[in-house]
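Please put together the full structure from these sequences, using the hints given.
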Amino acid sequence: MGLGILWESVPRFLDGTLVTIEITALSVLIGLCLAVPLALMRVSKNPLLWMPVYGFIFYFRGTPLLVQIFLIYYGSGQFQEILSQIGLWTLFREAFFCAVLSLTLNTAAYTAEILRGAIQGVSWGEIEAARACGMSGGLLYRRIILPKAFRIAWPAYTNEVVFLLQASSLVSIITLMDITGVARVLAARTFAFYEFFIFAALLYLVLVYGVIWVFKKIEYRISGHLRGAPVKASTPAG
Amino acid sequence: MFRVGPGGPPGSAHTKDGRESLLIDLKGYGSLLLDGAQLTVLVGLISMLIAMLLGLVGSWGKLSKSRIARTAANLYTTVIRGIPELVLILLVYYGVPTLIQDISSAAGMEVIIDINPFVAGVATIGFIYGAFATEVFRGAYLAVPNGQMEAARSMGMSAALTFRRITLPQMWRFALPGLGNVWMVLIKATALISVIQLPELMRNADTGARATRMPFTFYFTASLIYLAITIASMIFQQRAEAWASRGVRRA
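These protein sequences, in sequence, are chains V and D.
Our numbering puts the first residue of the first sequence at 1, with every later residue one more than the last.
Our numbering puts the first residue of the second sequence at 1001, with every later residue one more than the last.
Source of the hints: derived by calculation from the structure; they are not laboratory data.
Every clue listed holds true.
The following label-pair restraints were derived from C-beta to C-beta distances:
hint	chain 1	residue 1	chain 2	residue 2	range
1	D	Val1111	V	Asn159	39 to 45 Å
2	V	Glu81	D	Ile1231	30 to 36 Å
3	D	Val1248	V	Leu3	53 to 59 Å
4	V	Ala95	D	Thr1071	39 to 45 Å
5	V	Glu8	D	Leu1142	44 to 50 Å
Far from chain V by the CB rule (all over 12 Å, computed), these chain D residues:
hint	residue
6	Ala1069
7	Met1109
8	Val1111
9	Ser1154
10	Gln1238
11	Glu1241
12	Ser1245
Heads up, the beta-carbon is just placed ideally off N, CA and C, and yes, glycines get one too.
Shown next as structure tokens:
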């Protein structure tokens, strides 16, 4: 048994955990920033707006993430000359950049689809009421539709973040040293395969259920109006 | 220990077949991609079958009166859904043989086990998505009105007969949308088995990309094939849902 090797590898696994968190957090944040305008374009009635977004979402949801990562990391090599000319090759040469780019585009597509459903799920009466108050266009979206939509989308978005956290393990295939990457390198070097992979699995379990816990807390906070009024321990005599 | 698996050397069995290059020139590797796509679908179907069987067992466990069965089923879904597929695939392919070797050598035996990538891949993917199918079947079982089962029991059907004749046929209708989703995610997850050198679509695209130095062309073509599988699955799912709800009156 390799408990000794495992103990020595803890600092490397901590570095790996940081890489996993860094890549996931960056992709989630940038992906969300992309997803909001994409979702708005998706619900638009203008075919010039919704059709390209529909194609983007369909492609990224219909193909494996691994293909997307390879397409960006290895595929960009086929256009090395053009990319060097416009000065982007230094970016595409970096595995980290390609990993974050592909995860970002992937999560942007899934999140845009979740938001689309949520925007269409905002009840019509509220939109009518806002219009009756004189809101329209941007103000209507900013004050009424988007806040409501985020609340509706939150449980599904929690799932998406969890999936992305797990999917970030694929970046180890393009040489990045996240949790899985560290486990693979150490396992190949020491032949302690199951010890390292089980340890990596445990780290992911902690991260995943940690994320779920935090997101549930937030869900509780943002759905206060949906819960019944808190029951007071002692009712004041009236 | 490490398998330098099939998939290479390219060009031997898969030379020019003249049928390809409609729009994309694959330099004679088109049939390699099609072979890979076939294996991808095969791996997907077998994994899905395993996932559905495990899902039925798992949902039975979740709804069981036995506390041990409930705990086991909950542990299964909780743990599996918290671990990335890639880590589990690596664990099964590399970890399980060494674990068995370590245990057997501790017991004084010498056992050398080499898992075949196909078996490791299918078993792992099936095992992972069995956890997702468990939730689907659990929801579907709960969606069948209780009165249906009560009526069947009062007609004198045994519990097993009730399940086979009454519950299961009605469960399909509620389970199909969820199972369709599981399948869509599962078929894309099979791309991960390329990491353990199974010559499925992703692995063969990789082989073609390396040999021709046209990575974009090959990965893009592979992605289009995955997209085609997804579209075909969506159409099939619609048909299947229409079939399963043929007894339901629509307004």
